[in-house]
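K.L.:
For reference, the chains in residue letters:
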Amino acid sequence: QKEVEQDPGPLSVPEGAIVSLNCTYSNSAFQYFMWYRQYSRKGPELLMYTYSSGNKEDGRFTAQVDKSSKYISLFIRDSQPSDSATYLCAMSAPDSGGYQKVTFGTGTKLQVIP
Amino acid sequence: DSGVTQTPKHLITATGQRVTLRCSPRSGDLSVYWYQQSLDQGLQFLIQYYNGEERAKGNILERFSAQQFPDLHSELNLSSLELGDSALYFCASSVVAGAADTQYFGPGTRLTVL
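Protein chains in written order, with the working numbering: chain E, -18 to 95; chain S, 601 to 714.
Just so you know, these hints were derived from the structure itself, not from any lab.
One should not assume that every hint holds.
What the hints assert, rightly or not - Derived coverage of chain E by chain S (criterion: at least 3 residues anywhere in the stretch with Cβ under 8 Å from a Cβ of chain S; other residues may be distant): (1) -5 to 1; (2) 44 to 58.
To be verified - Short, incomplete list of chain S residues facing chain E, as computed with Cβ under 8 Å: (3) S602; (4) G603; (5) G642; (6) L643; (7) G652; (8) K657; (9) F669; (10) F690; (11) F705; (12) G706; (13) G708.
What the hints assert, rightly or not - With beta-carbon atoms standing in for the labels, derived distance ranges: (14) S:G684 with E:D47: 30 to 38 Å; (15) S:G616 with E:S77: 33 to 41 Å; (16) E:N36 with S:I612: 14 to 22 Å; (17) E:K37 with S:R663: 39 to 47 Å; (18) S:N659 with E:Y32: 23 to 31 Å; (19) E:S50 with S:E675: 16 to 24 Å; (20) S:G684 with E:D(-12): 18 to 26 Å.
Please read all numbers here as calculations on a predicted model, not as lab measurements.
Note that CB positions come from ideal geometry on N, CA and C, so glycine has one too.
Turn these sequences into a full structure, and let the hints guide you.
P.N.:
Take a look at the structure:
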């Protein structure tokens, strides 16, 4: 079983829809939770980062973490065609040296149709 | 533009050959990470350097090696290349080792092994 599971999609939604992207994890030591967006043929870029359980909002994006269920989500409101990309969840836990080791999900491909 | 540069953008080579990928981190970043991304495996962490020293190792094959130079640029060497090594190779940098929220990715090098 992978430490981080993410549905690869693809997920197609009409413009203006609310998108929900999800990841589950098995390692209870994960402390930091991140979402990256990756456009085709580009490097991933950090979208959201959170440490605690609960919601964090940034514009049209909301990151949600439920540590008790080992489940994280990214919500995109009023989705736009420019949101079409692959979204990767990532989470980190301290290694034996106390430094954060990051594990990425495989990514969900999102297509927002005009 | 993340500030991380990678060269070359594309590389086509034959099995059994050796190639070198180069990465220049963002100004001021001391930590460099290398990742491999293939369609079926997602983003796989290979190795991390911090201020010239190897900090953490991931799923890096023995045929692969890396180093970080005094000017903080890094090179990833891939030898005895196999068809399965065809992938996107990303470099990321951050200010401090293990900082989960501050990894900035370069545009990647697309390696094709024929």
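K.L.:
So, against the hints stated earlier in the document, which numbers end up violated here?
P.N.:
1, 2, 4, 7, 8, 9, 16 and 19
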